[in-house]
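This is what each chain is made of:
2 protein chains.
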Amino acid sequence: MLDMLRIAQIAPLVESVPPKFYGGTERVVAYLTDALVKLGHQITLFASGDSITKARLVSVTPTSLRLSNCVDYMAGNILQLQEVMDRAHEFDLLHFHTDYLHFPVTRLSLKKTLTTLHGRLDIPELKPLYEKFTDIPVISISNTQRRPLPMANWVSTVYHGLPTDLYQAGKGEGDYVVFLGRFSPEKRADRAIEIARLAGVKIKIAAKVDKADERYFEKEIRHLLDLPHVEYLQEVGESEKGPLLANAKALLFPIDWPEPFGMVLIEALACGTPVIAYNHGSVPEIIEHGKTGFIVNNIEKAAEALQNIHLISREECRATFEKKYSDIVMAKNYVRLYERSLRKQPERNFYSTPAYRK
Amino acid sequence: MLDMLRIAQIAPLVESVPPKFYGGTERVVAYLTDALVKLGHQITLFASGDSITKARLVSVTPTSLRLSNCVDYMAGNILQLQEVMDRAHEFDLLHFHTDYLHFPVTRLSLKKTLTTLHGRLDIPELKPLYEKFTDIPVISISNTQRRPLPMANWVSTVYHGLPTDLYQAGKGEGDYVVFLGRFSPEKRADRAIEIARLAGVKIKIAAKVDKADERYFEKEIRHLLDLPHVEYLQEVGESEKGPLLANAKALLFPIDWPEPFGMVLIEALACGTPVIAYNHGSVPEIIEHGKTGFIVNNIEKAAEALQNIHLISREECRATFEKKYSDIVMAKNYVRLYERSLRKQPERNFYSTPAYRK
Numbered sequence: 001m002l003d004m005l006r007i008a009q010i011a012p013l014v015e016s017v018p019p020k021f022y023g024g025t026e027r028v029v030a031y032l033t034d035a036l037v038k039l040g041h042q043i044t045l046f047a048s049g050d051s052i053t054k055a056r057l058v059s060v061t062p063t064s065l066r067l068s069n070c071v072d073y074m075a076g077n078i079l080q081l082q083e084v085m086d087r088a089h090e091f092d093l094l095h096f097h098t099d100y101l102h103f104p105v106t107r108l109s110l111k112k113t114l115t116t117l118h119g120r121l122d123i124p125e126l127k128p129l130y131e132k133f134t135d136i137p138v139i140s141i142s143n144t145q146r147r148p149l150p151m152a153n154w155v156s157t158v159y160h161g162l163p164t165d166l167y168q169a170g171k172g173e174g175d176y177v178v179f180l181g182r183f184s185p186e187k188r189a190d191r192a193i194e195i196a197r198l199a200g201v202k203i204k205i206a207a208k209v210d211k212a213d214e215r216y217f218e219k220e221i222r223h224l225l226d227l228p229h230v231e232y233l234q235e236v237g238e239s240e241k242g243p244l245l246a247n248a249k250a251l252l253f254p255i256d257w258p259e260p261f262g263m264v265l266i267e268a269l270a271c272g273t274p275v276i277a278y279n280h281g282s283v284p285e286i287i288e289h290g291k292t293g294f295i296v297n298n299i300e301k302a303a304e305a306l307q308n309i310h311l312i313s314r315e316e317c318r319a320t321f322e323k324k325y326s327d328i329v330m331a332k333n334y335v336r337l338y339e340r341s342l343r344k345q346p347e348r349n350f351y352s353t354p355a356y357r358k
Numbered sequence: 001m002l003d004m005l006r007i008a009q010i011a012p013l014v015e016s017v018p019p020k021f022y023g024g025t026e027r028v029v030a031y032l033t034d035a036l037v038k039l040g041h042q043i044t045l046f047a048s049g050d051s052i053t054k055a056r057l058v059s060v061t062p063t064s065l066r067l068s069n070c071v072d073y074m075a076g077n078i079l080q081l082q083e084v085m086d087r088a089h090e091f092d093l094l095h096f097h098t099d100y101l102h103f104p105v106t107r108l109s110l111k112k113t114l115t116t117l118h119g120r121l122d123i124p125e126l127k128p129l130y131e132k133f134t135d136i137p138v139i140s141i142s143n144t145q146r147r148p149l150p151m152a153n154w155v156s157t158v159y160h161g162l163p164t165d166l167y168q169a170g171k172g173e174g175d176y177v178v179f180l181g182r183f184s185p186e187k188r189a190d191r192a193i194e195i196a197r198l199a200g201v202k203i204k205i206a207a208k209v210d211k212a213d214e215r216y217f218e219k220e221i222r223h224l225l226d227l228p229h230v231e232y233l234q235e236v237g238e239s240e241k242g243p244l245l246a247n248a249k250a251l252l253f254p255i256d257w258p259e260p261f262g263m264v265l266i267e268a269l270a271c272g273t274p275v276i277a278y279n280h281g282s283v284p285e286i287i288e289h290g291k292t293g294f295i296v297n298n299i300e301k302a303a304e305a306l307q308n309i310h311l312i313s314r315e316e317c318r319a320t321f322e323k324k325y326s327d328i329v330m331a332k333n334y335v336r337l338y339e340r341s342l343r344k345q346p347e348r349n350f351y352s353t354p355a356y357r358k
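Residue numbers (our numbering), protein chains in the order written: chain Z, 1 to 358; chain E, 1 to 358.
FYI, nobody ran anything at the bench for these hints, they're computed from the structure. Each hint should be verified, as a subset may be incorrect.
Just a few of them, taken from the derived set where beta-carbon distance is under 7 Å, the chain E residues facing chain Z [to be verified]:
1) LEU67
2) VAL71
3) ALA75
4) ASP92
5) LEU93
6) TYR100
Every value quoted in this text rests on a predicted model; they were computed, and no experiment measured them. Quick reminder that beta carbons are idealized off the backbone N, C-alpha and C, glycines included.
Bound conformation, chain Z alone (with noise of 0.2 Å):
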């Protein structure tokens, strides 16, 4: 058992961390970061200039790619990647949440290196990746997440965490069901308003549009939000999410696709809410069918399990967040894997790398 370790965490430049608006691998950094210095560690996060940490932060960008307008995404990205090789060695470990980009400088030195994936990974070109990186040891955010790539060096799974104090659990009873998020063909938003519909329940809609979801939202939602259940409030912000999970009887959650790691369906267990989902990613992880929802395969059975929701005891959903899926439990999750990591990995020698052999 190691004390006080010395981690740098590696976000990427896209957003700031938290972001200031939408970016899920940003936010998740952030709470696990602040979360590491609470424990006591020694972290510092590489991000873009305008994160706000608790953490010692260096930054090759004064801010985030997003907002810097900037032409070249990949400049930045390999500035930082080689600013965190040139200060390797005030680390114990190096913590990266930058997909692969760093594979081939770090390859060289395994024994300091994690490497979470906070993406979707059934993309078909990152199969031969994985396979001639099946050394460089990966951490997936579900079980679910790994499928597509069974080659590569899993070395554990830690679910995302959320700050306890973010989101206060509430009574579910405003009498409406909510789906929050994108407007995108994976997230069936459709099939929300569909459900709630039969049930005969008011839905409120928090959701945003992508660019690239543009036409798909004219085409097949925007007619559907003018329903007389619906209450559409476009995208809501931090502050506004809480109260209106914490009031809904349910969050839904009929998506259509494996997303690794559902961020709202641990917001709405922070919130007490129960959750009716598809069983799709990592639904069934995250949600017990039964005890913080129901996980369903229909509209019609969502429909059923939306009159049975009060089956489902909101205390019981507060009380799964708080012990699986805090910032510090995630944290300390993470900092078993780091000491397990600088316990069991060999250096590396680089000579014996064929890549350096002369």
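Fit chain E to the supplied structure of chain Z, relying on the hints for placement.
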């Protein structure tokens, strides 16, 4: 003086080598690679699997990324970088044509790498990047290209070259001028059309419209193509380009941006066709005013130059091409740099690199 060199040419994956369609970098890499083979060197080309080369081909992707409709463009590039490093010991030197992606990796093995920068460098976010990587030896494709990044470790300029049998010199008896390339705001097809009108001469336009330039094309260009002195040929292939240039009185090149190297300039010279160009980017390095064309600063001067185009010797244009811009000249220039690089630069000691100190 070394004899046979074992060189890796590392091409971008976005297009095949040579490119099926447009792709300036991949085209030059194709010419360079084949010319180096012709000079007796042992060349390995890292490029997409649909590339065609006289060298040994190593591919991590079956087709170019553009043709494979891939979602994640970076995956193939990182995979190729690792493939190169895994085989680095097979080569005397690695010659990269992939911008800066490899810098954090190859920094550890400086002796063995050279990088030709093919793109425009006046992008703000490149400045801090090259301030970091002042030790990576880079080659410019014109002297003017270096201007935004004086801090980079510039080794030399090597101008692009073409196979001497690719284009035949012609007599320019077609009684028209020509504009070749893309319709984009920086290329200024509108200026070319106005120059021809002022000079009272027909203009043939062979150019394509990139997706990004569609709005510009519709608004600023399309109506000009209906003018009586304009003949619009859409995009032409290599085999049509030769006669089109060879029969033209002149190529008009009234650009509005610091183009690092205008390939069409040397294509024109290869056809014996003089160039009337605006004084931007590589123009004054490639075109000699009064000898291989005229360098002008406004439409009136350009029209006047067109009246005097008979003063330029078409034989001189072709001779200049053969002397300075053939593929073999380019390859010999690179070989000189390879040899100098192998003689001069000491191998870096990995253990002295801070990143790898324990």
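For this session: Would you check whether E/LEU67 satisfies its interface hint, that is, whether its CB is within less than 7 Å of any CB in chain Z?
Result: Where the cut-off is 7 Å and the nearest Cβ of chain Z is about 13 Å from E/LEU67, the hint is violated.
For this session: Answer holds if the nearest beta-carbon of chain Z is closer than 7 Å to that of E/TYR100; otherwise answer violated.
Result: Status holds, d = 6 Å.
Problem set entry | Hint check, E/LEU93 versus chain Z [nearest Cβ-Cβ separation less than 7 Å] | 13 Å, violated
Exercise. Does E/ALA75 pass the interface hint, meaning its C-beta sits closer than 7 Å to a C-beta of chain Z?
Worked result: 4 Å, holds
For this session: So, E/VAL71 near chain Z? Judge it on the closest CB pair being under 7 Å.
Result: This interface hint holds because 5 Å falls under the 7 Å limit.
For this session: Grab the minimum C-beta distance from E/ASP92 to chain Z and call the hint holds if it beats 7 Å, violated otherwise.
Result: This hint is violated: E/ASP92 lies away from chain Z, its Cβ roughly 11 Å from the closest one there, beyond 7 Å.
Hints 1, 4, 5, counting from the list given before, are not met by this structure.
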